[in-house]
Each structure stands twice: as structure tokens, then as C-alpha cells.
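**Student:** Protein chains in written order, with this note's numbering: chain A, 9 to 116; chain B, 44 to 157.
Don't read these hints as lab results, they were simulated from the structure. Among the clues, some could well be false.
To be verified - The calculated lysine-lysine pairs, modelled on DSS-like cross-linking and capped at a C-alpha distance of 30 Å, are: (1) B:Lys57 to B:Lys100; (2) B:Lys100 to A:Lys103; (3) A:Lys61 to A:Lys76; (4) A:Lys76 to B:Lys52; (5) B:Lys114 to A:Lys99; (6) B:Lys114 to B:Lys52; (7) A:Lys99 to B:Lys57; (8) A:Lys76 to A:Lys99; (9) A:Lys63 to A:Lys103; (10) A:Lys103 to A:Lys62; (11) B:Lys100 to A:Lys63; (12) A:Lys99 to A:Lys61; (13) A:Lys62 to A:Lys99; (14) A:Lys63 to A:Lys99; (15) A:Lys99 to B:Lys100; (16) A:Lys76 to A:Lys62.
Claimed, not checked - Derived coverage of chain A by chain B (criterion: at least 3 residues anywhere in the stretch with Cβ under 8 Å from a Cβ of chain B; other residues may be distant): (17) 63–73; (18) 79–86.
On a predicted model such as this, the values are computed, not experimentally measured, just so you know. C-beta: ideal position from N, C-alpha, C; glycine also.
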Amino acid sequence: KNEVEQSPQNLTAQEGEFITINCSYSVGISALHWLQQHPGGGIVSLFMLSSGKKKHGRLIATINIQEKHSSLHITASHPRDSAVYICAVTKGAQKLVFGQGTRLTINP
Amino acid sequence: NAGVTQTPKFQVLKTGQSMTLQCAQDMNHNSMYWYRQDPGMGLRLIYYSASEGTTDKGEVPNGYNVSRLNKREFSLRLESAAPSQTSVYFCASSLSGIANNEQFFGPGTRLTVL
């Protein structure tokens with residue numbers, strides 16, 4: 009079993025829909041990262057969080073440390089949100105363990 | 044700021060050839076990382092450098108060597124390339140570790156070993 013599991017693996021939605029991507033992990037962590045990988049391949053850090061909730065524009069990330077679970081929400085989704093979203097958890101001070109990613113497609 | 048830069052963007056090698064992937068960052072970050080990304084496997088850490096002068100193995104170090112040339116530059120060397128090393132390689136950096144700092148990624152190098 010992978011230490012970091014994401015669901016769903018693939019998600020297709022219509023423009024404007026509310027999107028939720030889930031991440032569950034099995035190890036103790038100090039922080040969790042959400043990353044976005046564009047269709048062209050580039051990777052961008054979206055959030056780093058260790059408790060509670062963070063918001064940036066239409067993106068919201070939450071984490072429940074006790075339940076070892078995090079969610080990434082996108083409100084009013086747009087075709088430009090189409091990307092692979094990757095969850096990663098810290099393993100020590102220098103190592104990240106990555107989930108396999110969720111491929112999101114938003115249709116106009 | 045250019046952020047994290049990688050060269051080359053694409054490379055094709057024959058089995059047994061050697062090459063060095065270059066990475067540089069201009070953000071004065073202490074920590075640098077090399078990852079490989081394979082279909083269905085997610086990103087996996089090859090080597091990292093917590094600070095200038097130090098390097099450590101990650102999850103999949105076999106077949107690779109690294110050099111932290113200075114604070115800015117962290118190179119990855121394949122001494123004798125094998126088809127199993129066909130992958131997309133990403134360099135990343137962070138201010139100091141990843142427990143409290145976000146990572147910044149380079150654009151990636153797509154390597155094919157024939």
C-alpha cells in the first residue's frame with residue numbers, strides 16, 4: 009500500500025463545478041504539500057500546510073492531522089484548472105513522499 | 044529571477060553513454076533535490092543536498108551521482124545510462140528543507156535511453 013493515496017485518479021467536470029480532490033496518508037508528517045503539474049509538464053507548488061485550512065484565490069486546501077487526510081477544493085472551476093494535482097507529505101526534514109496524482113479535466 | 048533552471052530540456056542517449064544534467068537556482072536556497080517522474084510511479088527522490096557541501100541519497104539513488112558545485116548549482120550524473128533510466132528528471136530547491144518551506148521546481152529534462 010502506498011504511503012500517500014489520492015482519489016480520484018481521474019476527474020472530468022464541467023466549467024463552474026466545485027471540485028474536490030482527496031489525499032490520505034499513513035505516516036506521521038510535519039507538513040503536506042499540494043502541487044500542480046501543467047499539461048506542459050511544469051510543476052508549481054500550490055500550498056504547504058500542517059494544520060487547518062489555507063485559501064488562495066479559488067483554491068482551498070484543508071488538512072485533518074488526526075484523520076491523516078487532506079482535501080484540495082477548486083471553486084468555480086475553469087478549463088485552465090485542467091492539470092495533474094499532486095499531494096506530497098514530508099518524511100523527515102528533507103524528503104517528500106508523493107501521491108500518484110489526480111488528473112483533472114474541466115470542459116467548457 | 045529565473046528561479047530553477049535545468050539543462051538540457053531533452054536528451055537521447057545510447058545504453059552505456061554518460062551525461063550530466065545541470066541545475067541552478069538563483070533564489071539563494073540552501074536545499075536542492077533531484078527527482079525522477081515515471082508514468083504510474085509519481086515523483087521519486089534520487090538525491091538531495093540539504094546545504095552546500097552535503098549530499099544524501101534519496102529513494103532511488105542507484106546508477107546516479109550528484110555534485111553540489113556551490114550554493115547555486117546541483118548536478119546529476121549518469122555514468123553508464125540504462126534504458127531503465129528513461130524518465131523525466133526534475134530539479135527542485137527550497138529555502139531550507141521541506142518541512143516548513145515550499146519547493147520550487149525546474150522545467151524538467153526528458154531523457155530517453157535507447
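**Student:** Against each hint, give a clear statement of whether it holds in the structure.
**Tutor:** Status of the hints after comparison with the structure:
| no. | hint | result |
| --- | --- | --- |
| 1 | B:Lys57 to B:Lys100 | 25 Å, holds |
| 2 | B:Lys100 to A:Lys103 | 10 Å, holds |
| 3 | A:Lys61 to A:Lys76 | 14 Å, holds |
| 4 | A:Lys76 to B:Lys52 | 37 Å, violated |
| 5 | B:Lys114 to A:Lys99 | 23 Å, holds |
| 6 | B:Lys114 to B:Lys52 | 22 Å, holds |
| 7 | A:Lys99 to B:Lys57 | 35 Å, violated |
| 8 | A:Lys76 to A:Lys99 | 14 Å, holds |
| 9 | A:Lys63 to A:Lys103 | 25 Å, holds |
| 10 | A:Lys103 to A:Lys62 | 22 Å, holds |
| 11 | B:Lys100 to A:Lys63 | 34 Å, violated |
| 12 | A:Lys99 to A:Lys61 | 21 Å, holds |
| 13 | A:Lys62 to A:Lys99 | 21 Å, holds |
| 14 | A:Lys63 to A:Lys99 | 24 Å, holds |
| 15 | A:Lys99 to B:Lys100 | 14 Å, holds |
| 16 | A:Lys76 to A:Lys62 | 17 Å, holds |
| 17 | 63–73 | violated (count 0) |
| 18 | 79–86 | violated (count 0) |
Of the numbered hints given earlier, the model fails hints 4, 7, 11, 17, 18; all others are met.
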